[in-house]
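Q: Chain residues, written in single-letter form:
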Amino acid sequence: MTAVPESMAKIKDLCNDFPQSRAILDWKKEGKKVVAWVCTYVPEEVIMAAGILPIRMGGINRELELEQANAYLYINTCSFARSCLDLALRKQYDYLDGLAAGATCDGSRRLFDVWKNYIPTPFLHILSVPRKFTEDAHQLYREEVEEFKGHLEKFAGIKITDQGLKEAIQVCNETRQLLHQLYALRKVDNPPISGAEALEITNASYRMPKPQFNDLLRQLLQELKGRVALPGPRPRLMINGSILNNHEFIQAVEKAGSIVVIDELCTGTRYFWRLVENNKVDPLAAIARRYLDNTPCARMNPWDVRLEHVLNMIKEYRVQGAVTEIIRYCVPYAHDEPLLRERLNQIGVPVLELDVEYGMGETGQIKTRVEAFLEMLQGREAR
Amino acid sequence: MTVATLAKPRIQQMVKILENILAHRHKNPTYASEELYYELMVKYYRRIMEAVEQERTIVGHTVMSPLEVFYGMGIVPMHLESTSMMMAILLGNYAEFFDAARSFGLTPETCSAHRLLAATVIQNSLPRPDFIVWTNQVCDNTSKSGDAILDLYEIPGIFLDRPYRYTTREVEYFTKELKRLVQFLEEQTGQKMDYDRLSEAVARSQRVTELYREIAELRRNIPAPARNRCFLNSMVVEWLYAGTQEAVEYFELVRDEIKERVDKGVGGIPEERFRILTLFLPPSYEWKLMDWMEQEYGAVSVMEPYCSWWAKGDMDPAKPLESIAEKSFYRSLVRQMHGPSEGIIEDAVQAAIDYKADGSIYFAHIGCRQACALIRSMKDALKDDVGIPMIALDCDIIDPSLSPGEEMRGKLEGFFEMLEDTK
Ligand code: SF4
Ligand code: SF4
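Just so you know, the sequences run in chain order A and B.
Counting from 577, one number per residue, gives the positions in the first sequence under my numbering.
Counting from 84, one number per residue, gives the positions in the second sequence under my numbering.
It should be emphasised that the hints constitute simulated quantities derived from the structure, not laboratory data.
Glycine included, each C-beta is placed from N, C-alpha and C at the ideal position.
Fair warning: there could be bad hints in the mix.
[What the hints assert, rightly or not] Derived, one-sided and incomplete: chain A residues facing chain B with beta-carbon distance under 7 Å: (1) 686; (2) 910; (3) 915.
[As the list claims (entries may be wrong)] Output of the computed footprint for chain A on chain B, the stretches with three or more beta carbons under 8 Å from beta carbons of chain A: (4) 276-290; (5) 319-327.
Assemble the whole structure, with the sequences as input and the hints as a guide.
A: Pasting the structure below:
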């Protein structure tokens, strides 16, 4: 692998040891508040407009026994939710001023329930998130966001103004646009950034103040000019499935001889793909619309809107094979899997299905299965 | 036999077996309500069988779908999870179905009720509905099952999105979803909704709710006046017959039987020793466990906060769709499974007090994430607020291979002994 650009090293340094990472602790040192969100249906802009740092709730980048969490959340809760709770029970999230959740899936809503019962956190809020894209759903979600705003105002003791929301939209949109630029670089034959590195960057985008992140990403985009991340040519892969934070998992896939050029993950494209329209009279409505309409999670109905995003990505990024990672007990993605595999096979894209636990990095089994998959892919190309 | 011809003989076989069970019950009577339960099961599946034979419109639907609307439209409902589950139980072909689900690509971690459903669809064992209605009540599995069914059958369907919290705006949203459903059904059947018939169904549903509450009041008595089977049978009847005269008659009969015992001061079983709060559902392949508890340990289920508890709320026949929408926020199972945890935990604590429970049993169905996630919170609440112990029994709601009855009996023996010692 080529040398790590300076800005990327800085980003890593600021986000190492999450959730006890420097970027967050520095913010706290200034006496300011931090609210964690779970998951991508919670509007960050509203939290930011209250002068609070929004960070994405996450677990640990290791496959652990999760003994603490298992005692409070049953073993059949997805390991993402258990990993988050485990960190909280081990006091790694003690600095949090709040937790804002979306009632998006059984895993995340029960994480919120159990958190509420056992982790003392001053601000707790859960939003009802419709599963449809209809106008009625938009109206409901808009009102949910309004209520969330009111609750945050009370908690922070400030009035969230339209101006404040517009500024937050501006900053978040900038993050999204910069991430788009970064991802666009992956369309070329020998991308300047690997899939593992890309995930580290997107992870950082929701784990530090966005203006600081934007500056570093702008610098990185300059530094990537002329770089080749991994010697090519290599089979071009997409990663999709349940939440994935550990870049070592992608690293393992790439180590086997591939390059991951795109993802359909809520920690990747689905986090930043759409912008909030910032020319609207009512910024809150614009925010609500974007969050519900964003490239969907497997929870949304109809499911083929998700499929469409996957298919578009495959075409745009010239994907040759897909790796689907499903966290055990992640029901929304597990149910989509047979249908997704069939559709991708129909367009000639083979799928490697991996049942994983959240936090998993490289394992012997993953290595063997990825190697076999790549061999098969290369065999097809040679034919 | 080709796969395509499996549905008809399988439903016929189910009806035959149920008829035999019913005949056996008639010969060996216990409670009239238990006989009526089997009569209703025969009637329900026979109606589906006849609809298949006569090519009448069948709507396949997931649990807690608004039955009143289907009955209001005069179409034949087929409860997808119950029908596939009943098929596996009666025909005893679990292994065949689970294998089919696995080859389709569903991971073993997805709820077995839904793996079974997918399997009966893949294998064409389930009568093919004309369209399906599915909802996110009661969990992610129900909300996702419909996608595969639509794809496999290539039939139309509509998904009903029931929001998370019980607020006015969320009830309004769900009412609009139901309006969309009516429109969908009208398009599919070419018939108009008969609103008078719908209002009548709503009135009957309200009657069932009142009877449920009346029964719940009577069940506070010591000794407990209902047998353990009663709550299970009642739950199934309500799942299949909400909004019908059959449901009203069944619940009236249950109420009368219980009332008679209360008036006489006798219990549902000869000697009551332990009053148990049942949390979540015993495995469908092992309802006998509930009989065994009664017979061997005098353990009666005094209340089931998940499946027999209806919170406050009433239906108004003059506002049928609004009422049906609202019901899905306070009715049993949905309120508890698809709502914030405070609801079920507070209900359980209150029930433990009101029903003077000695202990509680939590059926930890491995495929059910939202039920299991609250085991610890529930255990602590019952211990701290009421001082009663809880045992969590690992099991699967359908798959007998995971936790055989013997194993569960062994664990329960220890639990009852512990309860005895602490008395
Ligand atoms: S989507 Fe899957 S991984 Fe994410 S919280 Fe829900 S169940 Fe867990
Ligand atoms: S048992 Fe649990 S997971 Fe399965 S369908 Fe019922 S609520 Fe869903």
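Q: Each hint needs a verdict: does it hold in this structure or not?
A: Right, here's what the structure says about each hint:
The interface hint given for residue 686 of chain A holds, since its Cβ lies 4 Å from the closest Cβ of chain B, which is under the 7 Å cut-off. Interface restraint check for residue 910 of chain A: the shortest CB-CB distance to chain B comes to about 5 Å, inside 7 Å, so the restraint holds. With a cut of 7 Å, the hint placing residue 915 of chain A at the interface with chain B holds, because the nearest CB-to-CB distance is about 6 Å. Counting residues of the region 276-290 of chain B whose CB lies closer than 8 Å to any CB of chain A gives 0, so the stated coverage by that chain is violated, three being the minimum.
Closer than 8 Å: that is the beta-carbon criterion, and the region 319-327 of chain B has 0 residues meeting it against chain A, so the requirement of 3 is violated.
The structure fails hints 4, 5 (numbered hints given earlier, in ascending order).
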